[in-house]
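> Listed below, chain by chain, are the residues.
There are 2 protein chains.
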Amino acid sequence: MERVWTTQLGAHIGERVRIAGWLHRLRQLSNLSFLVVRDGQGLAQVVVEDPALIARLAELHAETVLAIEGVVVAEPQAPGGVEIHQPTVEVLAAAVAPPPFDLFRPAINAQLPTFLDHAPVGLRHPRQRAIFRVAAASMAGFRAALTALQFVEIQTPKIVGAATEGGANVFRLDYFGQPAYLSQSPQLYKQIMVGVFERVFEVGPAFRAEPHDTPRHANEFVSLDVELGFIRDHFEVMAVLNRALAGMVAAIAEQCQPELALLGARRGEALVLPQVPAAIPTIHFADALEMISRATGEDLRGEPDLAPAHERWLGEWARREHHSDFLFVWGYPTAKRAFYTHPDPARPGYSRGFDLLFRGLELVSGGQRLHHYSDYLAVLAERGMNPASFGGYLEAFKHGMPPHGGFAIGLERWVARLVEVPNIRETTLFPRDLTRLTP
Amino acid sequence: MERVWTTQLGAHIGERVRIAGWLHRLRQLSNLSFLVVRDGQGLAQVVVEDPALIARLAELHAETVLAIEGVVVAEPQAPGGVEIHQPTVEVLAAAVAPPPFDLFRPAINAQLPTFLDHAPVGLRHPRQRAIFRVAAASMAGFRAALTALQFVEIQTPKIVGAATEGGANVFRLDYFGQPAYLSQSPQLYKQIMVGVFERVFEVGPAFRAEPHDTPRHANEFVSLDVELGFIRDHFEVMAVLNRALAGMVAAIAEQCQPELALLGARRGEALVLPQVPAAIPTIHFADALEMISRATGEDLRGEPDLAPAHERWLGEWARREHHSDFLFVWGYPTAKRAFYTHPDPARPGYSRGFDLLFRGLELVSGGQRLHHYSDYLAVLAERGMNPASFGGYLEAFKHGMPPHGGFAIGLERWVARLVEVPNIRETTLFPRDLTRLTP
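For the protein sequence lines, the chains are A and B, in the order given. Under the working numbering, the residue at position 43 of the first sequence is numbered 43, and the numbers go up by one with no gaps. Under the working numbering, the residue at position 427 of the second sequence is numbered 427, and the numbers go up by one with no gaps.
Incorrect hints may have been included.
Pairwise CB distance ranges (calculated) [to be verified]:
| id | chain 1 | residue 1 | chain 2 | residue 2 | range |
| --- | --- | --- | --- | --- | --- |
| 1 | A | Leu434 | B | Gly349 | 44 to 54 Å |
| 2 | A | Phe235 | B | His85 | 30 to 40 Å |
| 3 | B | Ala144 | A | Leu434 | 35 to 45 Å |
| 4 | B | Pro51 | A | Gln275 | 53 to 63 Å |
| 5 | A | Thr7 | B | Pro345 | 31 to 41 Å |
Some chain A residues flagged as far from chain B (calculated, every beta-carbon gap over 12 Å) [to be verified]:
| id | residue |
| --- | --- |
| 6 | Arg216 |
| 7 | Ala218 |
| 8 | Phe235 |
| 9 | Arg359 |
| 10 | Glu420 |
To be clear, the hints were calculated from the coordinates, so they are not data collected in a lab. From a predicted model like this one, the values you see are computed outputs, not experimental measurements. Note that the Cβ used here is the ideal one computed from N, Cα and C, for glycine as well.
Whole structure, please, built from the sequences with the hints as guidance.
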């Protein structure tokens, strides 16, 4: 008999079907038991009345893998509106021990480190796995939006010969006797590829050896990278980011309604997706500082960056004044941005770099880049960086590069903010941090 | 004026338009010149009659970035059937030196190492970049086929605490003072994730520190990984691979007709895509050996694997007997397959592992995996491997895993075979090998 998903049972009422999945929960009442089976899509309730079968099931550990045949019966009280009656149960693979925590409860009752230690089992929890369906939909929506805008997907190397963004926070490895590094971002390669396709994107891992332990950083993360050529200025880059975000939210809305319901269940209503405005509001860095100064009385003259508290303030301001969860801050001081950042010709000291704040948290960095070979030679010299480390990159500029820019979205940070979990370790399948290299 | 792509010019005949791109070639005739401009999509021919402008253009290096306004004129002789007349030319970014090789010739006139040294410029050649559009379409088709089959995309860590497939060929790195490794494949994680979603796929980098120098290996490659649960046997895995390949070929056919024409131009006709049969022919490993023995007179009794010559022989046989570019060989001896390979219960010594040959070359490895915890403990002990290195992996099996299997396609090898280039360094954007860590 062909197996059906638990989520399809409503289409088979009155039929005998086969389902398969994990023993999610066995609830024993006085004269019958409810067996809840979890498959890759959802849950199904199986009513067991045969005392011999109840006794057999009671000996199984949760998470034992089962195949069940039975008759689908409409039952408004049951989850999903159906139950399976008159079951026969086959054990496909026995669990040999009880799970480290109950998976049937609304939330896992364990501290985060314990959960992470047992992620291979903990990720099976419906709420935890819902998070990664949202991540998958985000990637799909990102790619769909960019493909529609003629962007080409690329895959660039993660073992590199020089540190992309500076040498301090880079993992070193031995490459057949030569020193090599793990890519901190595809920045240099995606810029090179603007010379080939004009418009490129990449979804891939990025590695930062930063020895800090915060809820918003991990040492390996998934970076959604974009770069495009023949722009007038950074505002065209921001417009593409605006479209990419709209595509990501649209894909989640289309593919993840059950997950949004589940993730919002704690407070009794489905999680609300952000509205992505047709044009996300923008503010210049200097204006933002001045506004915060006026409101808070802080003296922020000469500040080169926004502190997290300032980002939160701006997030609330954008919500209040523009009814937007998103806010572009652009024109960050050049000195605090990466060497390839294009200065603002109209305003010395300020750049064409931007950040996107999402609900008061920096989610994306981007900007227009330098595109003249001579500008690169000058900025590397000025910053005391060695041009020899940037051979292939500089070659692209030597041979003609258009005005261009781009951005990078941190996938785990995006999902964390979206599903309102405080720590990106919950939105990373198997996080890597100062103390965590397994599982 | 809004810029238009060179490939859209046919829709603007008689209009004044703006195009932008790279100075691909300047052909000077006695009283006029042809300026060929390359943008991210294609080429456009610009007719220049003004002697002052011709003189100005003659001073520019190839690859200088230009914006051009002019009138679109139908001209059947011109590439694409249109030309631009009465141009004005603006230099957006000057190339400061001639390119290392001519990009306007039908093929780059350089040895592969020279090409690779200058890949940031060489990839701009229309034929080279066509290869990477085929790669992008392959990834898109792979994801579309699997998404339609309810697979969920995952992103698993590339920094790992233990060597996935054995210790010899793994890159080591220093992870905050602890030894760590680069992932040789997402094998263990995708199996774990079968416990979560049942059906998962991943597109990401894989790293092998193999010190060999062949046209079909690189030390970093893009792996298209799939794993699925609740299978009867490996034939269900092979059926999913069959669907994935059909999706990949369909996406290339849909998105890459100009690229196929360009890549086949050497022999005067568009590149022919393989037909993916509704059911790719299959042969058991033992039957394959016996057939080759009979045909060639070689004594292959007891051979544990197929040599490349045998794979070629089988590729020709599949072409001749089944009119297929693809052939499944299954039932490889268990001893030569990875520890997680499921043995064939019906045939001791043989496994449920398979390879897919594409035009006589191994393209994919896959199979059914073990799924019982006790089987893993036994096989690790038998092979002298340390269970402590597989903590999180074994935890998944301890808590119930269904019968499952999967496969991995090497993207660069697929594209190389498809576009008929002999070395995967031509189908890798920036290849990493024994001697090559840059660009």
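> Work down the list of hints and note, for each, if the structure agrees.
Okay, the hints, checked on the actual structure:
1. Evaluation of the 44 to 54 Å hint for Leu434 of chain A and Gly349 of chain B yields a pass: the beta carbon distance comes to about 47 Å.
2. The supplied range of 30 to 40 Å is met by Phe235 of chain A and His85 of chain B, whose beta-carbon atoms lie about 33 Å from each other.
3. Under the hint 35 to 45 Å, the C-beta atoms of Ala144 of chain B and Leu434 of chain A, about 39 Å apart, fit the expected range.
4. Distance hint check for Pro51 of chain B and Gln275 of chain A: the Cβ-Cβ separation is about 58 Å, which falls inside the suggested range of 53 to 63 Å.
5. Range check, Thr7 of chain A to Pro345 of chain B: about 32 Å between beta-carbon atoms, so the 31 to 41 Å window is met.
6. With a minimum CB-CB distance of about 18 Å to chain B, Arg216 of chain A clears the 12 Å threshold, and the non-interface call stands.
7. For Ala218 of chain A, the shortest C-beta to C-beta distance to chain B comes to about 10 Å, within the 12 Å cut-off, and the non-interface label is violated.
8. Separation of Phe235 of chain A from chain B is adequate, the least Cβ-Cβ distance of about 15 Å exceeding the 12 Å criterion.
9. Consistency note on Arg359 of chain A: stated as away from chain B, and its beta-carbon is indeed over 12 Å from all of that chain's, at 23 Å minimum.
10. Against chain B, the non-interface label of Glu420 of chain A holds: every CB pair exceeds 12 Å, the least being about 21 Å.
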